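Student: Residue numbers (this note's numbering), protein chains in the order written: chain A, 1 to 387; chain B, 1001 to 1284; chain C, 2001 to 2302.
Don't read these hints as lab results, they were simulated from the structure. These figures come from a predicted structure and were not determined experimentally. Some hints here could point you the wrong way.
[Stated by the list, open to error] No more than 20 angstroms apart at the CA atoms, straight line, and that leaves these computed lysine to aspartate or glutamate pairs for EDC-like: (1) 180/A with 1259/B; (2) 91/A with 2247/C; (3) 327/A with 177/A; (4) 1030/B with 2087/C; (5) 25/A with 325/A; (6) 91/A with 325/A; (7) 217/A with 1259/B; (8) 1087/B with 2087/C; (9) 1128/B with 113/A; (10) 180/A with 2247/C; (11) 1087/B with 2283/C; (12) 89/A with 52/A; (13) 2120/C with 133/A; (14) 386/A with 337/A; (15) 1279/B with 2087/C; (16) 89/A with 2247/C.
[What the hints assert, rightly or not] Computed, partial: chain C to chain B, Cβ under 10 angstroms: (17) 2010; (18) 2013; (19) 2087; (20) 2092; (21) 2094; (22) 2102; (23) 2265; (24) 2272.
A virtual CB, placed ideally from N, CA and C, is assigned to each residue, including glycine.
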Amino acid sequence: MRVFRWVWVVLLAISLLGISQQTVKIGFLAPLTGFAAADGFSALNGALLAVEYINQHGGINGIPLELVYYDDACAPDQAAALTRRLIEKDKIVILVSGSYSSPTRAMAVICQEVGIPLIAAYAVHPGIAATGEYCWQNGLAAIIQGKAGAYLAVEKLGARRIALLVMNNDYGISLAESFKATLPTLEQRLGIKTEIVYEKRYPLGETEFREYLAAIKTANPDLLYAPAYYNEAANLARQFRETGLQCWLLGDEGWDSPKFLELAGEAAEGVIIVTDLDRDSERPLVRYFLQAYAQKTGIPADMVGASAFDAVMVAAHALRMVGTDPKAIIDYLSKVENFEDAVTGPILCYQDRRAVRPIEVQVVQNGMFRHFHTLYEPEVIYFYPKG
Amino acid sequence: MVQLIANAVVLGCVYALMAVGLNMVYGLQKILHVAHASVYTLGAYVGLLLSLTLTNNLWACLAAAMFASSVFGLFISKLVYQPLLDKPRYISLIASVGVFVAATELFRLVAGPYPYAFSARFAFPAVKTSFVGLTSIQTLVLCFTGAAFFFLYTLVTKTRLGLAWRACIQDMDMAGALGINVNRIVALNFLIGSALAGAAGVLVARYYNRIFPTMGAVVSYKAFVVIVLGGLGSMPGAILAALVLALVESVLGAIPRFEFPRDAIAFLVMTLTLIFRPKGLFGR
Amino acid sequence: MSLGYILTIATFASIYSILVLGLNIVTGYAKQISLGHAAFAAIGAYAQALLTVRAGMSFWAALPLTVLISACVGALLGLPSLRVSHDHLVLTTIGINFIVIGVAEYFDFFGGAMGIIGLKIPTFFGRPLGTTGYFVLVLFFVLLALAVSHYFSKTWARLAMEGLGEDELAASSLGVNVARFKIIAFALSSAYTGLAGALWAHYVGSVFPKNFPFELSVLFLSMLIFGGMGTIRGAVFGAILLYILPEIFRFIENYRMLVYGILLTIMVTLQPQGVLGVDGVADRMVAKVDVLVRRIRSAAKP
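The shape of chain A in the complex, shown without the other chains (with noise of 0.2 angstroms):
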């Protein structure tokens, strides 16, 4: 009989530690299996990392923040039943997606249904944010990134000539589309003319690029302008560089990420991307969270991580600001102006639930990241003129 007193007594402190333990729950949701582990991973430590620095200041109003994560394996059906599983059984008041467009889309119709705050860290397809008022995008959009990919083509690299080489999912083709429709407008305002001399789409995961920057040497271009990830974007690269083509190549930031340097080896030199992350900065946040980001994984940060943290910083602070309420915190967001506490830059505002920042150019210098320009410039980073 003792035994069982014993037993109640443990119960007891149990459920007494659970009450004064309570704390405010945000869902996440990101692949940790399958072939998008490696994002999902990056994704979940920026994600961990923000709830640390979060809880280390002071929690949301004194109370600690917790993440509840699972892994979507990219899959849209699973995405949609962990969205339920978060909402009616873990509680949670704010989910942030570290997961592709595919799952996050999903994710999105069940939040409009029920009424919480989605925030998307990174996944860029436009029919996220257009599902409702509770579906938020906190990445660079790829409106925004195309745009600002041709501005810095046209106007900074004084390209003419212009060759595209697409990887073909969502994310690709929005960012060639935007690209291919800001030319119009900057041929205009400079009075030039602007040629794509070639344009093909190829296939996520393809490591070959032999024969199509065979065709692009012949096409002769200024600059190839190439929206991919990482991976693709390392061989394309090394490839680049084999070939021998002598024009700019232009990036995105799909290949943010210590990886691309360290797959391309050589090759990455020179090398231009379109990011929000600034490596030089010198906002104690950055700092704090680049490094704190390579103690904790053993590897550098990358723009999946980085936006990860961001979108939790973002829910967090909406948190502090106004409590659980999901109405209040969706007119919270939708009011936030110069919003510092973001590592990808300040998020100036959200237009249509997307978020507004300016534009980090990276070059790489010496096997690194390294500042190259900043795009303020208001027709450039905002979806639409403000006011």
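Given the coordinates of chain A, work out where chains B and C should sit on it, guided by the hints.
Tutor: Frame of chain A; chains B and C shown alone:
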């Protein structure tokens, strides 16, 4: 144009290397050995491990990978396929898929989800002329594939072992009745096939400078296209098919407005071939 | 309560059951191993997406059309099975998977890589079906699929097909039109799979080419073989168990797919005819209990 063909030939060699071991296993036992892809991936990771710890020499990595892969292949054969020999062959297929899933996860858990660069050092001549250029890793892939196929061809056609092997391919029961140790042939077949898969893993990893847990996925299906095109179990057929496939993919890829994924092209070629020539391009 | 979560899992498990019942017709009865059924699901999902989102039809009006389209395309894609057999057919079906996804990914008519978004949960007499309503709807389709499967397995079509699976020559000499039955099997199977794909797409709300990879086809075949090929109960059981298993293993998040792979290998090695297949573990257990009961009865008799 010459450069395009040269690159395609190297790509063809990559395909041939991936497919050769599979072709041996399939030729003898008619198992759709999907887990061959994990044997290949294991080879790459063993090579990586060696290059990160003991020696950064590519030849040493190759040797270690071939050894580890052949052990792993034998292990799969004995533990998974042996008990299923008298069962319908789709059972071995699903068991093989299970091994593949588990092995892929194991690689991810042990080595992490991120890709690794693999730059083991080696000395090999590069080709650089005015009309065609090949990097040293390209010539290495070319030469290694040639050597591997020459070795296999000699083994199969010129030795007693090869004779026994061919007898087993014709009819395993009959070969057994004639006093050939069938189990030994099967084991040896797995050993050599898996060793070549390990070597392929290291070489392809070096060629594309990337090792990651799901790198076997392509091998698990594309290599089948090669062996089907070449005629199942036919060694010269496989290498010819690999070259044809790489050439078709590269030429289509070089056409400016033509966009269709490489793997789908491969399967389209295979399906059309099967409809018009059910025994494969070079099968008899 | 986490009712919505459980219902969502149950809905997907039911959708997968319909799909594997369809696979069972072509693979279990007609013995044509298919590793391309994700493509057939994609065809249903895309047909439904095009009809509802692009053409503006309602769920109810589009669904019969989708099933019809799926059946027709299935029959068309089944044509190679007339020329190609055994392992070659397995590889051809893998090929179909890659080609169909390639077409969806590169032709703007199908939305390309951007997919088609905006499918909605259907309404029933003007009221949108919630999670529960949709589950009931899917359950209705499961029952329908079971009924059709049952009817099919009882009629001579199944006998003809099984004959054809065992020995084509013998079957054709007995007057079975082999070509016709293979095509019927593919069409019917594809109709099931297309229906499942359409139901899946509405619940998820969007379709992307990447949602239907070759790995999914492998999962479907694993479900069927795990449960027991050629039996209705096996197909349903395999689908439900293999869908739910990774969910159950959520508590070992990082290791769950490893455990899943090992379990799959061990299970098919120990139980090749499937857990609920003919003469599978369940059958034998029932038989054992039966013997035991008889023995007790005979012992009880004076």
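Student: Evaluate each hint against the coordinates.
Tutor: Checked hints:
1. With a C-alpha separation of about 18 angstroms, the suggested pairing of residue 180/A with residue 1259/B holds against the 20 angstroms cut-off.
2. For the given pair, residue 91/A sits about 19 angstroms from residue 2247/C by alpha-carbon distance, which is consistent with the 20 angstroms threshold.
3. For a cut-off of 20 angstroms, the pair hint linking residue 327/A to residue 177/A is broken: about 34 angstroms separates their Cα positions.
4. This hinted pair checks out: residue 1030/B and residue 2087/C have alpha carbons roughly 8 angstroms apart, not beyond 20 angstroms.
5. Between residue 25/A and residue 325/A the alpha-carbon distance is near 13 angstroms, which keeps this suggested pair within the 20 angstroms criterion.
6. Distance check on the hinted pair: residue 91/A and residue 325/A sit about 13 angstroms apart at the alpha-carbon level, within 20 angstroms; holds.
7. At most 20 angstroms may separate the alpha-carbon atoms for a hinted pair to count; residue 217/A and residue 1259/B meet this at roughly 18 angstroms.
8. Between residue 1087/B and residue 2087/C, the direct Cα distance comes to roughly 15 angstroms. Compliance with the 20 angstroms bound is thereby established for this hinted pair.
9. Straight-line distance between C-alpha atoms of residue 1128/B and residue 113/A comes to about 63 angstroms, which puts the hinted pair past the 20 angstroms bound.
10. Distance hint between residue 180/A and residue 2247/C is unfulfilled; the C-alpha atoms sit about 43 angstroms from each other, more than 20 angstroms.
11. With a C-alpha separation of about 18 angstroms, the suggested pair residue 1087/B and residue 2283/C falls inside the 20 angstroms cut-off, and the hint holds.
12. For the suggested pair residue 89/A and residue 52/A, the alpha carbons sit about 23 angstroms apart, so the restraint of at most 20 angstroms is broken.
13. Taken as a hint, the residue 2120/C and residue 133/A pair is honoured in the structure, with Cα atoms around 17 angstroms apart against an allowance of 20 angstroms.
14. This hinted pair checks out: residue 386/A and residue 337/A have alpha carbons roughly 12 angstroms apart, not beyond 20 angstroms.
15. Between residue 1279/B and residue 2087/C the alpha-carbon distance is near 11 angstroms, which keeps this suggested pair within the 20 angstroms criterion.
16. Between residue 89/A and residue 2247/C the CA atoms are separated by roughly 14 angstroms; this keeps the pair inside 20 angstroms, and the hint holds.
17. The beta carbon of residue 2010/C is not positioned within 10 angstroms of any beta carbon in chain B (closest approach about 24 angstroms), and the interface hint is therefore violated.
18. Hint on residue 2013/C is violated. Least Cβ distance to chain B is approximately 20 angstroms, over the 10 angstroms limit.
19. At its closest, the beta carbon of residue 2087/C sits 6 angstroms from a beta carbon of chain B; the interface hint therefore holds under the 10 angstroms criterion.
20. At about 5 angstroms, the closest approach between the beta carbon of residue 2092/C and any beta carbon in chain B falls short of 10 angstroms, and the interface hint on this residue holds.
21. A cut of 10 angstroms between beta carbons decides the hint on residue 2094/C: the least distance to chain B is about 6 angstroms, and the hint holds.
22. The interface hint given for residue 2102/C is met, as the beta carbon of that residue sits about 3 angstroms from the closest beta carbon of chain B, less than 10 angstroms.
23. With a least beta-carbon distance of about 3 angstroms to chain B, the hint placing residue 2265/C at the interface is held under the 10 angstroms criterion.
24. Look at residue 2272/C: its Cβ gets to within about 4 angstroms of chain B, closer than 10 angstroms, so that hint holds up.
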